[in-house]
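*Asks:* Okay, here's what each chain looks like letter by letter:
There are 2 protein chains.
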Amino acid sequence: MPLGEFELIDRYFKPLATCGDSRRDDVTLGIGDDGAVLQVPPHHELVMVLDTLVSGRHFLPDADPHSIAHRALAVNLSDLAAMGAKPVWALLGLSLPASEPAFLERLVAGWRELAAPHRVALVGGDTTRGPLCLTVHLSGLVPTGTAIRRSGGAPGDLLYVSGCVGDAAAGLAVLQSRLFAEREAGEHLVRRLEYPTPRVALGRALRGIASACIDVSDGLAADALRLAAASGCGLEIDVDALPLSAALRNTVAIEQARVFALQGGDDYELLFAVPPGRVATLNAEAAGLVDITCIGRLEAVAGLRLRSAGVTQGAEPGGYDHFGS
Amino acid sequence: MPLGEFELIDRYFKPLATCGDSRRDDVTLGIGDDGAVLQVPPHHELVMVLDTLVSGRHFLPDADPHSIAHRALAVNLSDLAAMGAKPVWALLGLSLPASEPAFLERLVAGWRELAAPHRVALVGGDTTRGPLCLTVHLSGLVPTGTAIRRSGGAPGDLLYVSGCVGDAAAGLAVLQSRLFAEREAGEHLVRRLEYPTPRVALGRALRGIASACIDVSDGLAADALRLAAASGCGLEIDVDALPLSAALRNTVAIEQARVFALQGGDDYELLFAVPPGRVATLNAEAAGLVDITCIGRLEAVAGLRLRSAGVTQGAEPGGYDHFGS
Numbered sequence: 002m003p004l005g006e007f008e009l010i011d012r013y014f015k016p017l018a019t020c021g022d023s024r025r026d027d028v029t030l031g032i033g034d035d036g037a038v039l040q041v042p043p044h045h046e047l048v049m050v051l052d053t054l055v056s057g058r059h060f061l062p063d064a065d066p067h068s069i070a071h072r073a074l075a076v077n078l079s080d081l082a083a084m085g086a087k088p089v090w091a092l093l094g095l096s097l098p099a100s101e102p103a104f105l106e107r108l109v110a111g112w113r114e115l116a117a118p119h120r121v122a123l124v125g126g127d128t129t130r131g132p133l134c135l136t137v138h139l140s141g142l143v144p145t146g147t148a149i150r151r152s153g154g155a156p157g158d159l160l161y162v163s164g165c166v167g168d169a170a171a172g173l174a175v176l177q178s179r180l181f182a183e184r185e186a187g188e189h190l191v192r193r194l195e196y197p198t199p200r201v202a203l204g205r206a207l208r209g210i211a212s213a214c215i216d217v218s219d220g221l222a223a224d225a226l227r228l229a230a231a232s233g234c235g236l237e238i239d240v241d242a243l244p245l246s247a248a249l250r251n252t253v254a255i256e257q258a259r260v261f262a263l264q265g266g267d268d269y270e271l272l273f274a275v276p277p278g279r280v281a282t283l284n285a286e287a288a289g290l291v292d293i294t295c296i297g298r299l300e301a302v303a304g305l306r307l308r309s310a311g312v313t314q315g316a317e318p319g320g321y322d323h324f325g326s
Numbered sequence: 002m003p004l005g006e007f008e009l010i011d012r013y014f015k016p017l018a019t020c021g022d023s024r025r026d027d028v029t030l031g032i033g034d035d036g037a038v039l040q041v042p043p044h045h046e047l048v049m050v051l052d053t054l055v056s057g058r059h060f061l062p063d064a065d066p067h068s069i070a071h072r073a074l075a076v077n078l079s080d081l082a083a084m085g086a087k088p089v090w091a092l093l094g095l096s097l098p099a100s101e102p103a104f105l106e107r108l109v110a111g112w113r114e115l116a117a118p119h120r121v122a123l124v125g126g127d128t129t130r131g132p133l134c135l136t137v138h139l140s141g142l143v144p145t146g147t148a149i150r151r152s153g154g155a156p157g158d159l160l161y162v163s164g165c166v167g168d169a170a171a172g173l174a175v176l177q178s179r180l181f182a183e184r185e186a187g188e189h190l191v192r193r194l195e196y197p198t199p200r201v202a203l204g205r206a207l208r209g210i211a212s213a214c215i216d217v218s219d220g221l222a223a224d225a226l227r228l229a230a231a232s233g234c235g236l237e238i239d240v241d242a243l244p245l246s247a248a249l250r251n252t253v254a255i256e257q258a259r260v261f262a263l264q265g266g267d268d269y270e271l272l273f274a275v276p277p278g279r280v281a282t283l284n285a286e287a288a289g290l291v292d293i294t295c296i297g298r299l300e301a302v303a304g305l306r307l308r309s310a311g312v313t314q315g316a317e318p319g320g321y322d323h324f325g326s
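Note that the protein sequences, when read in sequence, are chains A and B.
Under the numbering used here, the residue at position 165 of the first sequence is numbered 166, and the numbers go up by one with no gaps.
Under the numbering used here, the residue at position 184 of the second sequence is numbered 185, and the numbers go up by one with no gaps.
Just chain A, same shape as in the assembly (with noise of 0.2 Å):
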């Protein structure tokens, strides 16, 4: 039996105004009035984020909802980390064609797995019927004046990535049939797609060492000739120096992982420009959190630079657009 909006937002959705088994303190009115009430502790700037994924066109129309509610809260929380900030409250815009209790059961799961570790409590939204289609608003929190923002780099900072890139790319391959995989390795990069991991510990613990920062969405070259460009900068990435999985190597050539690497999006890890003094701050604070390699440099020539086997030239970032052509 379809339920109603109201019956809908009490059963599945009030519940996700807990992070795990606590509420948030700093949540005066939550889920049920016109609007949520909440507080901003002194001495903090808020940092806001929102995004849309669609059916079709960020997740297959057949995927399960529970790793599209985990891909909508990652792709934001990945947002907040590569602006150092500490997440604290979501709202939810739904449109879905039908009330079905599987269906929101687990989309709400998926939610719930993600949304409690990082204690964002959900404080509002909106569902309607219409076509599937997330809307994600995520709000942050960092001391005033901390953000990390993609305009901060500058020639000479070195360029580090986080985890290992060009996952997601070949994942989305596979579930397509566009690439054939061995079961194990097939498993990692799928999932790496269908749940892709923010950092945003490491994202937090950049603050006053990263002098620049992005997420890794549209494509590796296309983010951080984003973040380059931001900066007033041109960069040279060292191709070899890519952090490409095992998973990722043993299913496709090398030139091919580099390619899905440097272009395929999805990965939401941490690009990040790093002033070379902060070298070692850097190693002390990240050691723990998540692997992060160098694999380039900002400079003061525009443009995008790739480096290989010692030759380096001149390229164009081939990244995703979402009305490109």
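Bear in mind the hints are in silico, worked out from the structure with no lab data behind them.
Every value quoted in this text rests on a predicted model; they were computed, and no experiment measured them.
One or more of the hints may lead you astray.
Intra- or inter-copy, both count: the list cannot distinguish identical chains.
[What the hints assert, rightly or not] Distance condition first, Cα-Cα at most 25 Å in a straight line; then the derived SDA-like pairs of lysine to any residue:
1) LYS15 - ALA303
2) LYS87 - GLY304
3) LYS87 - GLY266
4) LYS15 - THR282
5) LYS87 - PRO43
6) LYS87 - ARG184
7) LYS87 - ASP27
8) LYS15 - PRO156
9) LYS15 - ARG107
10) LYS15 - THR147
11) LYS87 - HIS45
12) LYS15 - PRO132
13) LYS15 - ALA231
14) LYS15 - GLY209
15) LYS15 - SER152
16) LYS87 - ALA254
17) LYS15 - GLY157
18) LYS15 - GLY153
19) LYS15 - LEU142
20) LYS87 - ALA287
21) LYS15 - ALA103
Guided by the hints, dock chain B onto chain A, whose structure is given.
*Replies:* Okay, now just chain B, sitting in the frame of chain A:
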């Protein structure tokens, strides 16, 4: 020629960061990074709202994008008004079938014309290709502890509504050729549907006066019952007192006008409860903002009662539910 996502943001959305001629100085960082950075003044709480509008559900598929943008912003401003909050920042999640300049120019113009007088700065968002769908997130500010809730009413509080009710439902009937109206009256009714006026100044004036407030989006009777129930009360509505526009009165019989007023949604007027001892203050503060009308009272006995021509009887609210049958 279709525009790329980033060109589209630069050309259409970055100009919405300003409010009329000015920038908000509480925006540390706006559109163009992974997130916006924003400042909340001391001794204030944030109020957050989010609404999703889907083509064919919240507006007709051939609706003017100018009115679509107006409504998407207005319904959120109305939610903030119901909490007594001053609007400050917006984020927009936009799913678009194509990036047509003519469509986008109308959309942006409709947004700007409502955002500018309310000094709402667009600080971020996301644009993607997909079925036409807008999700707007708005933040507002209230001095700490002063947000108006639905739940603060008490038996004996008088119920007021702003403006006139029923016009938007009649306007929808006119648009759908279910109702014939003379030209001028029809234009008025349709305009009230397509260009609702959020009662932001009234909402702010009601802080410290209204014990409870809600905006009329799903139907006056349903929303009034919701306010009463949240306040642990029932209510009586004096049907003869409902404020009806001349356009509505001249278009339908009085009985039909009252059905539109009680059951029709989309009026986006404020419905609020006021303790009898604060009525004089209410009249002084609301004077010059918008007409307000006393239409009933909260009572100790749960449920909705309608009173007309001296007779009172129990009633079902008959409001709108997005997933109801």
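*Asks:* Going back to the hint list, which numbers does this structure go against?
*Replies:* Failing hints, ascending: 2, 4, 6, 8, 14, 16 and 17.
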